[in-house]
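Take the sequences, apply the hints, and build the full model.
Protein sequences appear in the order of chains Y and H. Residue numbers for the first sequence follow this note's numbering, beginning at 22 and rising by one. Residue numbers for the second sequence follow this note's numbering, beginning at 22 and rising by one.
Don't read these hints as lab results, they were simulated from the structure. Please read these numbers as outputs of a predicted model, since none were measured by experiment. Treat the hints with care, since some could be wrong.
Identical copies carry no separate label here, and so any pair may be met within one copy or between two of them.
Dumping the calculated DSSO-like pairs for lysine-lysine here, alpha-carbon to alpha-carbon at most 27 Å [to be verified]:
no., residue 1, residue 2
1, Lys189, Lys117
2, Lys251, Lys95
3, Lys251, Lys115
4, Lys117, Lys230
5, Lys117, Lys251
6, Lys230, Lys115
7, Lys115, Lys189
So you can see what is in the structure, the chains are spelled out below.
2 protein chains.
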Amino acid sequence: MPEILDPQSPRLPRPALPGLDGVSPQIRQAILASGQSARLEGGQVLFRQDDPARRCYLVRRGRLKLVKLHEQGKEAVFRYIGPGEITAAVAVFKEKAYPLTAVAIGDTEVAGWDRGTIMALLRQHPDLALHLLQVVVERLDEVQTRYLELSAEQVQQRLARALLRIMKHSGRRTAEGILIDFPLSRQELADYTGTTLFTVSRTLSAWEKNGWVASGRERITITDPHALVKFSETGETD
Amino acid sequence: MPEILDPQSPRLPRPALPGLDGVSPQIRQAILASGQSARLEGGQVLFRQDDPARRCYLVRRGRLKLVKLHEQGKEAVFRYIGPGEITAAVAVFKEKAYPLTAVAIGDTEVAGWDRGTIMALLRQHPDLALHLLQVVVERLDEVQTRYLELSAEQVQQRLARALLRIMKHSGRRTAEGILIDFPLSRQELADYTGTTLFTVSRTLSAWEKNGWVASGRERITITDPHALVKFSETGETD
DNA sequence: CGACGCATTGACAGGGCTCAATTTAAGTGG
DNA sequence: CCACTTAAATTGAGCCCTGTCAATGCGTCG
Numbered sequence: 022m023p024e025i026l027d028p029q030s031p032r033l034p035r036p037a038l039p040g041l042d043g044v045s046p047q048i049r050q051a052i053l054a055s056g057q058s059a060r061l062e063g064g065q066v067l068f069r070q071d072d073p074a075r076r077c078y079l080v081r082r083g084r085l086k087l088v089k090l091h092e093q094g095k096e097a098v099f100r101y102i103g104p105g106e107i108t109a110a111v112a113v114f115k116e117k118a119y120p121l122t123a124v125a126i127g128d129t130e131v132a133g134w135d136r137g138t139i140m141a142l143l144r145q146h147p148d149l150a151l152h153l154l155q156v157v158v159e160r161l162d163e164v165q166t167r168y169l170e171l172s173a174e175q176v177q178q179r180l181a182r183a184l185l186r187i188m189k190h191s192g193r194r195t196a197e198g199i200l201i202d203f204p205l206s207r208q209e210l211a212d213y214t215g216t217t218l219f220t221v222s223r224t225l226s227a228w229e230k231n232g233w234v235a236s237g238r239e240r241i242t243i244t245d246p247h248a249l250v251k252f253s254e255t256g257e258t259d
Numbered sequence: 022m023p024e025i026l027d028p029q030s031p032r033l034p035r036p037a038l039p040g041l042d043g044v045s046p047q048i049r050q051a052i053l054a055s056g057q058s059a060r061l062e063g064g065q066v067l068f069r070q071d072d073p074a075r076r077c078y079l080v081r082r083g084r085l086k087l088v089k090l091h092e093q094g095k096e097a098v099f100r101y102i103g104p105g106e107i108t109a110a111v112a113v114f115k116e117k118a119y120p121l122t123a124v125a126i127g128d129t130e131v132a133g134w135d136r137g138t139i140m141a142l143l144r145q146h147p148d149l150a151l152h153l154l155q156v157v158v159e160r161l162d163e164v165q166t167r168y169l170e171l172s173a174e175q176v177q178q179r180l181a182r183a184l185l186r187i188m189k190h191s192g193r194r195t196a197e198g199i200l201i202d203f204p205l206s207r208q209e210l211a212d213y214t215g216t217t218l219f220t221v222s223r224t225l226s227a228w229e230k231n232g233w234v235a236s237g238r239e240r241i242t243i244t245d246p247h248a249l250v251k252f253s254e255t256g257e258t259d
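Laid out in structure tokens, this is it:
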């Protein structure tokens, strides 16, 4: 799996919150040290939905895709998470299964803690529990927002929102515009927006003509974010 | 607003979790006593999305509808909550707005706590914080599940799931079958499933012919839950 | 260079939305 | 208790967005 990005180009500034922010640096170090790390290669599954949730993870390098699979082969992508972000907070509770499946995108390294360790950490550091609650609330909010969009907006508008959301989270400024940080196929975008790869392809082609985006194989650059924002808010082509 | 239900008929047994379960009865009493109560009549708004989140609430009597409104008039219904259930956990954090709007269905009574009080309670009772985290995780799970269904399934299947979900939460056994506890119009069901009142009406008419449901004005009884479950899982009419 | 996987484009059809016209039922006032 | 009002529900007709399927093009890698 190739690195598609120029490491020189700067990441976009993004609002801090994920991971272990909210505790002091030395405590963070101690926590990180207590985790067990694991390496994954592209496509490998870290945890699977409906399996009993035993461990909670933090991404150290690379990227995870969090999806939910449906019986008849479809899947919904919920998030792409990168270094510093945590997932599988459910592991805090016994008797619950993972709600999502986590798949590595390219080579990825994670740190993991089992339930006992997490509980101990949460009891030792009350700030951590509050921070975790905040992270979960944040995600609930995002899913609810996307649910509303899915039920109220047409495909193209949702696709615009998806690109902007992924761009904010994983964008990297380049000469052309803002490049999405990792390989992202039409099919993946379709799974993210609840449509088909064909509709995504057609739409990107049209936007390429408008000069809003520039795209290639598993590679997308937003060249006119402003136009895309306007469209994502109104759904109108004017 | 009339009471549509016979108070004699038993509520379905439901898995406990919501509200203040998870703390001892006497503490629960103390907490309840510290809340400020308010009365609402049908249609009245308790809190509005995007308003700053100041208070967190527990339903004592009646019912709240939690929805998210979209610019162009559409709305998505996320939950109907009844006595004992809490909402607006976001109020725990400063600098965040309510993600949803809460509207009373019929006369309703709630208890509310402001941010300061909640924070104090959470610090006094660590169990409460963990329980709150559990409630939020539970809801995140449900929304993600519904998101997947919305993106992968057709209207009728989603409608079957919606009826069953609401039935489990707010069903009451009667001679005919299981009656939904509160006035529920075609439009509301449409907002719950992400469709239109027309499609809901047509579908319910068809199911009424099958003997799966019996329905009237803002009133729905599931007469053959088993058939509906089967359909909700396969989407097939066999 | 050949092969495999991703992307593009066209043709087609159907699920479900839109809109309009009625019908039904509940609530209200005399 | 009945006529009147109002809101919910039903039903039909038409069409459009978008999913489905098939054929082809293209970029990457072994």
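Hint-by-hint comparison with the structure:
no.	hint	verdict
1	Lys189 with Lys117	between (32 Å within a copy, 20 Å between copies)
2	Lys251 with Lys95	between (30 Å within a copy, 20 Å between copies)
3	Lys251 with Lys115	neither (45 Å within a copy, 30 Å between copies)
4	Lys117 with Lys230	neither (48 Å within a copy, 39 Å between copies)
5	Lys117 with Lys251	between (41 Å within a copy, 25 Å between copies)
6	Lys230 with Lys115	neither (52 Å within a copy, 44 Å between copies)
7	Lys115 with Lys189	between (34 Å within a copy, 23 Å between copies)
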